[in-house]
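Given chain A, work out where chain B should sit, using these hints.
Heads up: the sequence lines are chains A and B, in that order. Counting from -8, one number per residue, gives the positions in the first sequence under the numbering used here. Counting from -8, one number per residue, gives the positions in the second sequence under the numbering used here.
In case anyone wonders, no lab produced these hints; they're calculated from the structure.
Intra- or inter-copy, both count: the list cannot distinguish identical chains.
No farther apart than 20 Å at their CA atoms in a straight line, the calculated lysine to aspartate or glutamate pairs in the EDC-like style are these:
1) 66 / 226
2) 127 / 261
3) 154 / 138
4) 103 / 8
5) 251 / 2
There are 2 protein chains.
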Amino acid sequence: MAYFVESFWGERNNGFDVLYHNMKHGHLSTKDLADFIRERATIEETYSRSMTKLAKSASNYTQLGTFAPVWDVFKTSTEKLASCHLDLVRRLQELIKEVHKYGDEQIKAYKKTKEDVSGTLEAVQNIQSITQALQKSKENYNAKCVEQERLKKEGATQREIEKAAVKSKKATDTYKLYVEKYAAFKSDFELKMTETAQKFQDIEEMHLLRMKEIIQSLSNTIKEIHLQIGEVHEEFINNMTNTTVESLIQKFAESKGTGKERPGPIEFEECNTSSVAEGIKP
Amino acid sequence: MAYFVESFWGERNNGFDVLYHNMKHGHLSTKDLADFIRERATIEETYSRSMTKLAKSASNYTQLGTFAPVWDVFKTSTEKLASCHLDLVRRLQELIKEVHKYGDEQIKAYKKTKEDVSGTLEAVQNIQSITQALQKSKENYNAKCVEQERLKKEGATQREIEKAAVKSKKATDTYKLYVEKYAAFKSDFELKMTETAQKFQDIEEMHLLRMKEIIQSLSNTIKEIHLQIGEVHEEFINNMTNTTVESLIQKFAESKGTGKERPGPIEFEECNTSSVAEGIKP
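Bound-form chain A, shown alone (with noise of 0.2 Å):
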């Protein structure tokens, strides 16, 4: 639909400049669009450290008793979730990287834009103009043959008379010619002013694409990580229903154990003095 074409006219004809101005502002978006993505990398990385640090808090707990293997299972656990948002950051990086280059194109084709509607820029210069030329010219004609008709009334010299005729001829020439020139540059003005309200609804179309496309990339990028901290909840969870109870029992009994031999009978042993006093020798 033709919604600038139709929207950007007016009493005062200033359509082109807001059409102008906004097409500067799909850069500020641009640029504020790398902006938010640029802080969302930024408090990913802050969270994925803060999972690193965790992590190794995991493994500094007590290593002592039945329930230490578990630290391991909460330690890889937080490894994983820190490298995935680790990934997150780093796919954002990236994207910043295309937004910045589409960032780039847009200013050299705001600037081939600008060569290219500066006659549309004159079209509107001049219709502005004239209209205010075209106002003047008319209440000078208006003032001219009041004039003239309140000298006739007053019976003023023929001299006079003449003299305020020329004026007013002057006036209606002006007058006229303004009107035809006003014709002109109105056609040449809204031929030009639709022509370039199309081309910037065009250049917002395309714009609007383009950043709906960097979105779209974001919101893969998000929900694919998304996804892969899914995983790895689902991976502590299995690993922690394996670490059963009975085997941190056995595996504490393993590795703590003193030993499977209870106390053994001890009899009085009667003394043989030969192997005794063998015994006690040096």
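Same frame as chain A, now just chain B:
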């Protein structure tokens, strides 16, 4: 399976000591788990705060241009992400309270157990001291026996031989007494240690079950929040799909449009002196 009853015997009979300390380590692991969850909660809180800040950035970006309404979609979604993580923080804090409550119960239970197993500690000390005493009495008995034989062989006086015989008889009696005592202590130790080892295993099993319950509660909470975050992502994707290029173009044309009226034709207007004269009067 009776892992503890089988694995905590051995030459020096200090399995009791290992198991008793292990019980205390159980409380350490509870404290560690509370610390771990607290650290995680702190990380989530920081993340949530940063997301709230990011949402504010989104609403501070340029409100000019066709892209402006998209920032509302970002703002809403980012605020919801912040809220999900804050919800996680609250639930983790609840869980930490539960862990502390369990830790307090644990201390009480340990104090009771310490009393319950005091008899076993005594039995351990008994068998450890009788084993040493028995060894010494056996060495003394052998030494006295050899001394008596030596005197006989070297033709010592009857008096000397009789004196040695008395000493040997005394050493024999002590040795025999300790052999008997050892048998009684050994039997008592074996009985009490078997019972206590099983008691310590029961305590560990209960502890590990409780810890696994807490961890499951943690996993469930994290999983639920993860699902909520996934819904926020889906909603964002849907909102972006609904924010079409056409709707953005239309919205801009409606809010920033300068008018739908093209410049009208302007004709030459003949001067009507009476009306004009009135028109220019003050």
